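Asks: Start from the sequences, fold in the hints, and give me the full structure.
2 protein chains.
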Amino acid sequence: MDKIDSAKSDTEQRILQAAEEEFLQKGLEGARTTTIAERAGVTHAMLHYYFRTKGMLFERIISEKMQQVGNIMLTVFVSDDRPLIDRIKLGVEQHFDFIAAHPDLPRFVIQEIYTHPERHEMMRSQISGIVDRLLGDLQRQIDRSAAAGDMAWVDARMLFLDIISLNIFSFICFPIIKPLLGELTADEKGFLEKRKAENVAVIMKRLKRTEA
Amino acid sequence: MDKIDSAKSDTEQRILQAAEEEFLQKGLEGARTTTIAERAGVTHAMLHYYFRTKGMLFERIISEKMQQVGNIMLTVFVSDDRPLIDRIKLGVEQHFDFIAAHPDLPRFVIQEIYTHPERHEMMRSQISGIVDRLLGDLQRQIDRSAAAGDMAWVDARMLFLDIISLNIFSFICFPIIKPLLGELTADEKGFLEKRKAENVAVIMKRLKRTEA
DNA sequence: CTTTGTACTAACAAAATTGTTTAACCAAAT
DNA sequence: ATTTGGTTAAACAATTTTGTTAGTACAAAG
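Protein chains in written order, with the working numbering: chain W, 1 to 212; chain Z, 1 to 212.
Among the hints, a few may not be true.
Chain copies aren't distinguished; within one or between two, either way the pair holds.
[Stated by the list, open to error] Under the rule of at most 30 Å between Cα atoms (straight-line distance), these lysine-lysine pairs were calculated in the DSBU-like manner:
hint: 1; residue 1: 65; residue 2: 89
hint: 2; residue 1: 205; residue 2: 89
hint: 3; residue 1: 194; residue 2: 89
hint: 4; residue 1: 26; residue 2: 65
hint: 5; residue 1: 205; residue 2: 194
If you are wondering where the hints come from, they were derived from the structure by calculation, not from laboratory data.
Keep in mind the model is a prediction, meaning the values are calculated, not measured.
Replies: As structure tokens, this is what we get:
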């Protein structure tokens, strides 16, 4: 009653913000609580006061991010009444935009799951069900469209992998390719537009039925 | 003259081996020198005796791995006298196989470059030249083949990104997708074969010229 | 047989990092 | 005014992790 939830004690918010940046950049063990505190402009005792331990602070961040990634993966699918091909195209574009808005989320989550596999079982079982259902639906729709001769048949799971690979990987390896493709990547905004178009083109061609 | 290079003092080798595993798994800051020593079956003083500091040991590993990744990226290109399309297809397959043989190399290098961008300038300038030349060659060949009506025109750099995205990302996110696609990924060997075929199919369709 | 240098161990020291405590401050409620 | 409780700073303590040192063993060279 007496707690002002809307402000959430500024300090707490600033620590969370700084922690997010620091953890995304350097990972759990690379991040330093003192650095997070500095970045937030508070003493590092404050960090422990609010979040007890580094580990607990990390939990706060990672679980939020995990959910975001769950959402990102599912953005591939849109439910709508347009033709399947159009919906897939839209899904690819939306998925790309979503990731462009959170460019280093995938790397962070991948790294975390790789280094601490044991944690995150619950997460997996949660999204596992959703993904199962969505992939099942998609496959049935593909089967129908392919049978009607509107597109080539494809394993929905492979298509799913194609899409997330194309959309995510450019961002993951951007620090590496940027200097290699200087000219192309110099105008970052322009590059992203071109890249999105290329990904859509690749997927659309993948779904084109082969002429007899 | 008096040093037996062939054996390289077993201990030293074992430390290097253990360090590679530990660093690949946990990254520079996640790895513990004591753990590396244990894993190698030596006292941890030995680690410092041979490699002075954790940082120097890490250098040894990372620079070796960076070169490997340079090679991996270049495997896309084969120089040969067959038609361009065939060469690209072969390149995709070889690239896939190369990565399948070093499945967690890309993630490691990407993470390292992301968290410590300042180091590795020299690396970049080195491979930058090679990539430039190869992409230039490839583009000219594509221009020719496309003009001759043998394939669709495509920006060589985008094609390059398509290929490495498809080939690498499956491995990077394997820990995540494995439980999601249980049935498909259960037989790991079979999955890899299917995935390679899918990647080749995607790229081949990408290069197919669109009917008028 | 002594010297010399490398490989090695165990204990120790130093540094870095996380976590705690004490006490002060301030606003609101009693 | 006084108490109460959340917030803060500064100093300190504990732990973890890295790095060093002093000394032993042993093999090869002189």
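Asks: Compare the structure with each hint and give your call.
Replies: Hints versus structure:
1. 65 <-> 89: For residue 65 and residue 89, the Cα distance is within 30 Å only inside one copy (26 Å; across copies 37 Å).
2. 205 <-> 89: The answer is both: 11 Å in one copy and 16 Å across copies each meet 30 Å.
3. 194 <-> 89: both (15 Å within a copy, 24 Å between copies)
4. 26 <-> 65: So residue 26 and residue 65 pass the 30 Å test inside a copy (15 Å) and across (20 Å) alike.
5. 205 <-> 194: Both ways: residue 205 and residue 194 sit 16 Å apart in one copy and 19 Å across, limit 30 Å.
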